[in-house]
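Add chain B to chain A, keeping to what the hints say.
Chain by chain, the residues run as shown.
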Amino acid sequence: MISVKNLKKSFGDNEVLKDISLEVKPQEVVVVIGPSGSGKSTFIRCLNLLESVTGGHVYVTGKDLTDKKTNINEIRKEVGMVFQHFNLFPHKTILENITLAPMNVRGIKKQEAEEKAMVLLKKVGLADKAKAYPDSLSGGQKQRVAIARALAMEPKVMLFDEPTSALDPEMVGEVLEVMKQLAKDGMTMIVVTHEMGFAREVGDRVIFMDNGYIVEENEPVELFSNPQHERTKAFLSKVL
Amino acid sequence: MDFRTDIIVDYMPFFIKGTLLTLGLSLAGIFIGLILGLLIGLGKMSTNKLVRFPFVWYVNFFRGTPLLVQILLIHFGIVPLFMSPSNPIVSAIIALSLNASAYIAEIFRAGIQSIDKGQMEAARSLGMSHVQAMKLVILPQAVKRMIPPLGNEFIVLLKDSSLAAIIAAPELMYWGRAAQGQYIRVWEPYITVAAIYLVLTLSLTYLMNYVERRMKTE
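From first to last, the protein sequence lines stand for chains A and B.
When we follow my numbering, the leftmost residue of the first sequence carries the number 1, and every step to the right adds one.
When we follow my numbering, the leftmost residue of the second sequence carries the number 1, and every step to the right adds one.
Pulled out of the complex, with its shape left as it was, chain B reads as follows:
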């Protein structure tokens, strides 16, 4: 079997551009997902059933339906309502953020609820308000426990950003498909794309391991 490295060389500028967009989509998804996830996680922990209800169903929907379906719904259904024509990058960021926030909300909730309730009692017995106790006692401990599952979620998010190729957001996978279409070759573009994704996820793994170690020695 011949392996045409010239295809890879030809397409390298596009792969690099695509990689940058993949990183951009993932970072935006992580950032917005974290903020939304914290709010939704807190909402889901409300003791009031009516307050909890919309948050529970937010998570049910975004965790229970395929991301691909969500991307298509958002790109062709939601985004056109306020943007014409709808920009695939905007759609991808919205879909990835909303989807990630559902998982991140659950990570936050699990992290906070894993802290022994004696910690909250001790903080409250010293006169702290609920918010103070959360901020000073519960969250600093919970965040440490959230790091490994969050790392997991970030890796999933990075890989899932490849689904944005379907709405022609010019990220890494999009250029892989373009190269395959142009040269009618499978191995060269897809192996290259896979290798780049692997480099990205491994870097992320090492970064999260580093963060985890740093928090432990503290």
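Next comes chain A alone, as it looks inside the complex:
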């Protein structure tokens, strides 16, 4: 589904991603953990080219994003993204937030798009907020809408960039619950997070990143109970 080969990314002289290679299979849930500044957010943003890539290759559904001939808009239709700060469109209602891209990018008719949006809103438990504006929602509700908005494009992969980091603690659960359901439904997911509980429970694989490298990757149980590298041990001892 996603294949990353020797990915490198620099901001000026600062090399943030040094040599990242990773394969993600369909329906797999990969959780990326690591300290701040380890490059995990930059890494996930390279997977839909929100960050330009300095070196290496990123293949999504078989197409090379680093190839100039690839139409990135076509790829992005298949790759949903959820941001730390939600990034809902404040001038649109919740329903319009969800239908905007399907109608304008996929060319779906308004009525059909709205019906589908309502199904998604029910799924994330916010059907009663369809006519509200984002400003009137809590953080947890906003993030659930953001997930519904990404799902409305019927993506093949979902990227989550620290989806619960900007939330009040009591709202983290409701967002993770939606994500768990999504994983259960068979969505391919890459999740950057600090929620170790989620990583352990939902992840098929956990990746520990530090200083621009993948230091260690393993099944969650193995990685958390029996980390191989000193750096991983040090990190886990602080967060667990």
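Worth flagging that the hints you see were computed from the coordinates, not collected in a lab.
From a predicted model like this one, the values you see are computed outputs, not experimental measurements.
From the three backbone atoms N, C-alpha and C, an ideal C-beta is built for every residue, glycine too.
Errors might be hidden in some of the hints.
Partial chain B-side listing against chain A, Cβ under 10 Å, derived [stated by the list, open to error]: (1) G118; (2) E121; (3) S129; (4) P140.
Some residues of chain B that are not near chain A, with every Cβ distance over 10 Å (derived) [stated by the list, open to error]: (5) G77; (6) I78; (7) I89; (8) V90; (9) M128; (10) P148; (11) L202; (12) V211; (13) R213.
Leaving out everything else, chain B in the frame of chain A:
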């Protein structure tokens, strides 16, 4: 001090004619200035330095030199190249539009750049093209923020149109000066002219406040 209202009454038809032209000049300046301003603002935001260069210097020139100088240059230098004799109304419209567009370009640029970059990222991540994201997500939000500074600019433009009197465009200020010359009186014509300008700018202020409120409740 005696105040000769008969001067004002005598000149009222001219003041009315002048007011209409002042409004016309201002509306033309606003309209053309908005269109040019949007194009120049977008050009100034180009990531390509060479593309940006002429737009940057357009703004530098029209914002950095006096409007009076621009009016004289355009009326006596530029317009005669394609019009003889040059029409002061045409010259005034060109000068006001070009001058306003420099300021409006900056208002557009600031408005667009004030929108959180996460909005563009979210739109692009959903598969929208840059143009779609601008049209559907960025501009609708940016326009709201542009309303107050645009209102400001329109008021400045309306008042600055009085400079067209210098090239004998028969707008409000022109008739004020004419009355002063004819009667050798200062207070009556200029107080009247000032009052009319005040009425115009206050009306514009209320109009812009109304537009601002309308956009907020939406």
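Okay, the hints, checked on the actual structure:
no., hint, in the structure
1, G118, "4 Å, holds"
2, E121, "6 Å, holds"
3, S129, "6 Å, holds"
4, P140, "5 Å, holds"
5, G77, "45 Å, holds"
6, I78, "41 Å, holds"
7, I89, "40 Å, holds"
8, V90, "40 Å, holds"
9, M128, "6 Å, violated"
10, P148, "17 Å, holds"
11, L202, "30 Å, holds"
12, V211, "16 Å, holds"
13, R213, "16 Å, holds"
The structure shown violates just one earlier hint, number 9.
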